[in-house]
Amino acid sequence: MGIGVSPTANIIISILFDGLAYAMFLFIVSVGLSVTLGLMGFVNLAHGAFAMAGGYFVLSATRSWGVPFLLALPVAFLVVGAVSIVFERVLYSRLYKATELDQVLLTIGLAFISIASFTYLYGPIPQSIHLPDYLNGQINIGFRTFPVYRAFMIVVGVILISGLWYGFERTKIGAKIRAAVDNRRMAQSIGINVDRLFTLTFAVGSGLAALGGGLSIELLGLTPSFAIIYLVFFLLVVAVGGLGSFKGTLVAALVLGIFDTAGKYLYADAGGFFIYAVAVLVLLVKPAGLYGRE
Amino acid sequence: MRVLIVIGASVLALAAYGVASADPIKVGVVLPYSGVNADLGNQIDKAFDLYVKLHAKELAPYQVELVKRDEGPPSGANAKTVVTELITNDKVKILTGFVFSPAAIAVAPVVTQAKIPMVIANAGTAWITNLSPYIVRLSFSMWHPAYPMGTYAAEKLGCHTAAIGYTDFPPGKDSSEAFRTGFEKAGGKVVDSIPMGNPAQVPDFTPLFQRVKDEKPDCFYVFIPSGAHAAGVVKTYGELGMRQAGVKLIGPLDVIPDNKLQDMGDAALGTIVMGHYASDLDNPANKEFVKDWYETYSANTAPDFMSAAGWDTMAAIFAVIKKLDGNLDDGEKVVAALKGWSFNGPRGLIRIDPNTRDVIEDERAEEVIRKPDGKLGVKILGVIPQVKDECKELKIGRCGS
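So the protein lines, in turn, are chains A and B. Throughout the first sequence, residue numbering follows my numbering, covering 1268 to 1561 in sequence. Throughout the second sequence, residue numbering follows my numbering, covering 492 to 892 in sequence.
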């Protein structure tokens, strides 16, 4: 504690740091869901299942196949992303023009199937991951210590955000995606192949979810019901941020992550209520989300 | 007249046939088989199956049939439905299982109305046994470990101040109340009491634990519903360097269940819990139980405190079947037969208190250590023999009614 740092400043630093780490997790998992919802209006409730698949992939890779943790994460991104293309082509693509209810039924069904499958493969027991030593312990920065793993999550988050921002705002594919989210019919009429674009973003989104799933094992543990129990948070981030908005998802993840952490820290009695209160307030003022189109 | 005689004879014949064929006695088993807590149901289910497998012969000429149903989520929403089905459709004579207190609480009025005895194998909210005269508990009340832990922390662990963190549902409140009562009576001061989310979801514990770390209590008493929560608690505690900051982690056995302990690593070392079991416990019944367990199940599934209570529960059901010659039709007689029953099980000597229908068992203070073979285990620091549910002894709140 505090050479020159007041207790209040210490608390604020603590909340910002923990909140930021949590926000990065929320962002990484939710951004794919946001883009696919915005692009195709497809309600993908199986998004959490892809995150869970990534988690179990990282678990098996590090535990049974001897793959280092840092390598397992990008491999999970690639593998789950590739597998999701199969799902997208075989199942999802049939329901693009169907009603939202049909889409919800298909994807919630997929989520349940994934829960049963992973229970069969890994059992219902919660799994935890053995991290490499350099990700354990604390960093001492003089006036206080921070858990190394949380700092690592923030670093990964910042790298991903920079990469995604560049891809989204500065490349041709990014421009096409933005165009298609804004006005799909116009984008199609000027020759953008929206279906293929969707397959690509779907795969990237699912891959990112898988990466988030792998990163979150240390934070939340991993059981086969992961596919459903954290879905509420992902949907919350997407709704608050606005469908299809990269910037919106980022801001929503930051706001919800930091408010949730602050709420739990400062008013522990009200605990988990804050994240919902913030979401309700934002949606009352801006029903389409922070950066959604009215 | 003749017709009547024929009918009468057939009825008699059928009745005689019924006795001779000796249908198996149906035992309704309600445990969480799905969802985030399926793991907990699994620990008890295995103990039930193991007991039946090894002791079925001793029950002859009677047989039992376990009719298993999913307890569902911790809210208890599913339990009432499946129990009603078990009673009306499957005609079970006795009910057991029940991991979660809300499930047991929801089911209590149903068993009272149906006059079906309900032998609880886990659910630990103290006042559950007061909800129905047909409830008997073989596991524990939250007060069994938490109250003596309060006294122990203040007197033996040198804790002057403590913070409490608990999962926000009935047994969590119960456990924290029990610890507080014991701790304050022994002169300790509780500086903070934090509800930590619901049992269905493992929260991000970091902000909550950071708050406790900054408050610098001597002890941090944590109750969570075992399983996935336990791993999160120990991990976060280690990550934040709370032990180095002088905050001791204490709690009931749920914090370090035997089947999660090896995964917890160094962060768990030094954690002190109060509880009725450890798979390392040195008594003949436990040695045999653990040996049979590993012979039947794979080496990476340790039995834990829930399994031990599950084993004793099935032993109680077998004992009552023998005592009543296989006739469990009268629920009141079943409960009467269980009152005062005692048994040497894996956790040592247990008894059913005839006044409260709750268990009486030894409580042990256990510290997590690294054993000579490199695995994590516990060292018994002290034993408090034959502890009753202090909540009902002191008649606190709903325990007094």
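Simulated from the structure, these hints should not be mistaken for laboratory data. Here a beta-carbon is modelled for each residue, glycine too, at the ideal position from N, C-alpha and C. Take the hints with a grain of salt, since some may be wrong.
[Stated by the list, open to error] To give an idea of the interface, some chain A residues facing chain B are shown, with a C-beta separation under 8 Å as derived from the structure:
1) 1273
2) 1327
3) 1331
4) 1367
5) 1391
6) 1393
7) 1408
8) 1409
9) 1416
10) 1458
11) 1462
12) 1496
13) 1531
[What the hints assert, rightly or not] In silico EDC-like cross-links for lysine to aspartate or glutamate, where the CA-CA straight-line distance does not exceed 20 Å:
14) B:870 with B:853
15) B:866 with B:821
16) B:548 with B:779
17) B:680 with B:705
18) B:606 with B:779
19) B:866 with A:1536
20) B:544 with B:786
21) B:886 with B:675
22) B:664 with A:1536
23) B:582 with B:823
24) B:680 with A:1400
25) B:707 with A:1400
[What the hints assert, rightly or not] A few chain B positions that, by computed beta-carbon distances, are all more than 12 Å from chain A:
26) 515
27) 524
28) 531
29) 581
30) 606
31) 684
32) 688
33) 702
34) 730
35) 739
36) 761
37) 783
38) 874
39) 877
Checked hints:
no.	hint	result
1	1273	13 Å, violated
2	1327	15 Å, violated
3	1331	13 Å, violated
4	1367	26 Å, violated
5	1391	3 Å, holds
6	1393	3 Å, holds
7	1408	13 Å, violated
8	1409	15 Å, violated
9	1416	7 Å, holds
10	1458	46 Å, violated
11	1462	37 Å, violated
12	1496	5 Å, holds
13	1531	4 Å, holds
14	B:870 with B:853	16 Å, holds
15	B:866 with B:821	49 Å, violated
16	B:548 with B:779	18 Å, holds
17	B:680 with B:705	17 Å, holds
18	B:606 with B:779	36 Å, violated
19	B:866 with A:1536	38 Å, violated
20	B:544 with B:786	12 Å, holds
21	B:886 with B:675	17 Å, holds
22	B:664 with A:1536	13 Å, holds
23	B:582 with B:823	17 Å, holds
24	B:680 with A:1400	37 Å, violated
25	B:707 with A:1400	27 Å, violated
26	515	28 Å, holds
27	524	8 Å, violated
28	531	9 Å, violated
29	581	24 Å, holds
30	606	34 Å, holds
31	684	9 Å, violated
32	688	5 Å, violated
33	702	5 Å, violated
34	730	4 Å, violated
35	739	18 Å, holds
36	761	16 Å, holds
37	783	20 Å, holds
38	874	30 Å, holds
39	877	33 Å, holds
Figure legend: structure checked against the earlier numbered hints; hints not met, in rising order: 1, 2, 3, 4, 7, 8, 10, 11, 15, 18, 19, 24, 25, 27, 28, 31, 32, 33 and 34.
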